[in-house]
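Trainee: For reference, the chains in residue letters:
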Amino acid sequence: MKVSRAWLQKYFATPLPEGEALADLFTSHSFEVDAMEGDLLDLKVLPDRSGYALSHRGIASELAAALGKPLANDPFRADIPPFPQSDALKVRIEDAHTCARYMIGLVRGCKVGPSPKWLKEALESVGQRSINNVVDATNYVMLDIGAPLHAFDADKLTHDGEISVAVRSAKKDETIVTLSNETYALDETISVIADAHSGTPLALAGIKGGKAAEVTAETVNLAIEAANFDGAVTRRAAQKLKLFTDASLRFQNRPSSALAAYGMRDVLALIVHLAGGEVVGVTDEYVVPATLAPITVTRTKINAVLGSDFSLGDISSALARLGLPATVTGEVFVVTPPFERTDLTLPEDIAEEVGRTIGYDGLAAKALAPLETAPDQERFQGMERMKDQLVERGFVEVSTQSFVKKGVVVLANPLDKARPALRTSLEETLSDALAKAKQYAPLLLSPGVKPKLFEVGTVFPKEGEHVELRMSERVEAWGDAVGTVDNLSLAKLEEYGRTYVPKRYELGVYQPFSLYPFVLRDIAAWTPPVVNVEEFLKIIRETCGPLLVRADLVDRFQKDSRTSLAARLVFQSFERTLTDEEVNGIMVALTDHFSSIGYSVR
Amino acid sequence: MQELGRLHPLTVAVRDIAAIFGRMGFGVAYGPELEDDWHNFTALNIPEDHPARDMQDTFWTKDQSDHVLRTHTTSVTVRELEKLAKEGGTTLRKINPGKVFRNEATDATHEAQFYQVDGFAVGPAGEVTLAHMKGTFERFYREYFGEQTRVRFRPSFFGFTEPSVEIDVWFEAPGKKGVWLETTGAGMLHPTVIKNAGLDPEKVAGFAFGGGLERLLMVKYGIPDVRLFHSGDMRFNYAFSSKEV
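Chains as they are written, first to last, in numbering that gives the first Met the number 0: chain A, 0 to 601; chain B, 0 to 244.
In case anyone wonders, no lab produced these hints; they're calculated from the structure.
Be a bit skeptical, because a hint or two may be false.
[To be verified] One-sided and incomplete, this derived list gives chain A residues near chain B with beta-carbon spacing under 7 Å:
| id | residue |
| --- | --- |
| 1 | Leu-24 |
| 2 | Ser-168 |
| 3 | Thr-215 |
| 4 | Ala-216 |
| 5 | Leu-370 |
| 6 | Val-397 |
| 7 | Val-408 |
| 8 | Glu-464 |
| 9 | Lys-502 |
| 10 | Tyr-509 |
| 11 | Ser-513 |
| 12 | Phe-573 |
| 13 | Leu-577 |
| 14 | Asp-579 |
Ideal placement from N, C-alpha and C gives every residue a C-beta, glycine not left out.
The following block holds chain B by itself, in its conformation from the complex:
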């Protein structure tokens, strides 16, 4: 009999996440890793010379001064909203899984390349609110981490959302004291972003969110070093027991 191979743990996780969000009406969207300044920053209300650009250490390319390695997959959100505007729609929900890049020195908890799942839900103004984001994430984390999971919002700042929050999850690793984990940056899409995508902020509103996947998995499975994920080392795949469900 053919011995089965193994998926990468990130693939296993993205499938879990896509399934849960799929039940709440979210599709899956993709976009380029080498992104233009507009979709990575400017359309997201992070103008040049703004301190908000310092929040993400960026890789620039030599020959294309207006292109960066995307620092988040929120760039895909802009692309999807632009499509929605062209189609004349008002309602769309997507998650955008993919590799992103930050120019940070690497160590056991920092990698210059990692996966993010960003996403958004928009609808007619007033129908997709911060309270709906809370409902969406309470359900997501209950289904992902278990029924007992609690979620809290903390005030934060991102150029592309207003209000902005961090979404924390109360997590108790087996045999350990529970802690609030910072998992996701989120908020209501800033009217400037809606406008930049070609939509009318009076008519369309919604929330956007994004968070690193490796960090979530490190907590969920007790993985000690983020560098294992993109090491190409097959031993990493076999460091977990695996059962089809």
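If we strip away everything but chain A, and leave its shape as in the complex, we get:
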């Protein structure tokens, strides 16, 4: 949710903190701050708070609790004056499960035109585009208090002086053209607002308006919608149509049905203020009134969840900061959530509200009590013992991808369409890994050591999922009966690991490896009798410079008073593919250097 500090400020009598200080308040008490740029904050409002906090008013209420300063002008605590009634506005809701409330208001004699500067700036400050004063008014109120709203050109819906709309399921093969001129094919699972006279779909319920009754520069009479559509129905429709809007995002998070009336009150006032005209009437089809049950919670319960030692006063003060009305009898709190706090239903919810408002920083850490029995890590230890055995025998543990070209279990929505299945064994991926390992062996292993790999991973063959151990070759010492693969889900690992303590390793900082090919060279030289291997390799490293990435002794023998030493050298660059000439140059320099210090290269 993008919010502007200036917009939030209108909810406070005293200046809000700025920059990091403001961001820290959100981080500590409410939301993660995804981004901050000048006055604009992008807050990560998660599903539990999305019913009330996808609005500036909602975010301001969070700030009020964090700052301990009540909201200066809370639109939700101000009365809704009675709306004028009109017989000319009719609403029919086909299924109360789909739509708990539908309000439609008629405003006559408006003048559609550009928005004033303050409104344009407010919308632009949170990344929205100004369209005209009427559409901007609906967007502004949505961003302000969270109520999605829509404006229709009333004349396009009026038949014989009457406007009649139906909230109904779309028909199979029915289509709608949205405001952005895209055509959508509908079905019975999608709800629409339709003109009850002509049957024409006017809007995708809770998602987006249609072209049929679009407000244009010529529009003078407006029909304004404020409603409450079911979260699951809206969510499924938006997913099916792949059309996610500010409205669908809000409805799928199930805001209170009471909110619609606040939206209607504010948007009618703003439209009349900006575009003139007169509110003729509002019809409110309110089939499922909002109810929130009071929550009973004790001080003991709150402290038992948090591990805190909050007093009755601490809790009362936190609830007051949150704007949650509560009565206290003894240690029992009865909290009556205001209509917008649809997220509060359990004592644990109240514990969270109190905990985060007072702040988790002050929560004193406690150690878990020791247990009488030792923890059960036997299966893990058995698995790790198996791995340690393999490492001891020179095996390297790799991890490969679970997704492959062909398998028994196929994904409905693969990421890579060329690899849509789950592996049935580790054979293929491990043999690919081995081919690469052979190629890189001179870089990593001593001369003459051949790479051996193993992997422990889950596989999904016809017989069913299990954990497989696969080795690139047999372990001789394990006897002829043991092959290169084992089903560890069947193995008695618990027994094998009962008293085993897995080996522990300390790893150094990651050292990047070059992606360019390497070049191998051998060199052998007669050395003076006193020279040792370390000295020989040190001279090689110093002479060859940074392109030499590895030098291993491969041969040594003595003849008379002289020692012959031979080394294998691996050259590689981080920046380029080395050429033969370049490496030959280094080898010539090495040979020359050896000669100059009395070695004779063989």
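Starting from the known structure of chain A, fit chain B onto it as the hints suggest.
Mentor: Just chain B, lined up with the frame of chain A:
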């Protein structure tokens, strides 16, 4: 002499983590990667058609509409709590290391398959609290990252916990400015989850947590690309000096 092979860095890390949690009484538990909807979502208080399902991009299978590639190893927590309920117990602590899957485009910081260590501690109501979770994680990160490590809780949301927090760790890489790292999602197990597992939320309560391992190791060792972990490339094993301790 036989040249030693190398463990995968994830194995090295899981051993460190299992040892520290083991000292605090946590066992190690496993479960299936192809998980049913109940254990991955519904039992965890993430019902169908709830926006909380969008928090984890899920892989679905073609022939088993009620099975998903697990999006977290919290599914193992449900299985372990179900076992505890059958045994009539009230106290259990486990960590669940394992591979999980998210349907996200891959790049240097995102992999569709990665390792998580989730876990939980439950006990008689009131004995395992959010404060105990703080104590557990302060100790874990001190032992894993060093004595100077600081931990903070931030409010968050997960369907299966209430209250929910993110656990951040103050980390100073050598020669770099310190930052708060988001490492673990956690909270007190939601009473609905306790109930779904067959336990009585009036009698049993506790905390649950979970976090990605690769991300932690990328920070700890300075690994630049998450895709290295499951590339099957032996060069990755040898990109670290290794010393038995």
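Trainee: None of the hints should be skipped; say for each whether it holds.
Mentor: Hint check results:
no., hint, in the structure
1, Leu-24, "violated, 12 Å"
2, Ser-168, "violated, 17 Å"
3, Thr-215, "violated, 34 Å"
4, Ala-216, "violated, 37 Å"
5, Leu-370, "holds, 4 Å"
6, Val-397, "holds, 5 Å"
7, Val-408, "holds, 6 Å"
8, Glu-464, "holds, 5 Å"
9, Lys-502, "holds, 6 Å"
10, Tyr-509, "holds, 5 Å"
11, Ser-513, "violated, 9 Å"
12, Phe-573, "violated, 13 Å"
13, Leu-577, "violated, 17 Å"
14, Asp-579, "violated, 23 Å"
Hint compliance for this structure: hints 1, 2, 3, 4, 11, 12, 13, 14 are broken, all remaining hints hold.
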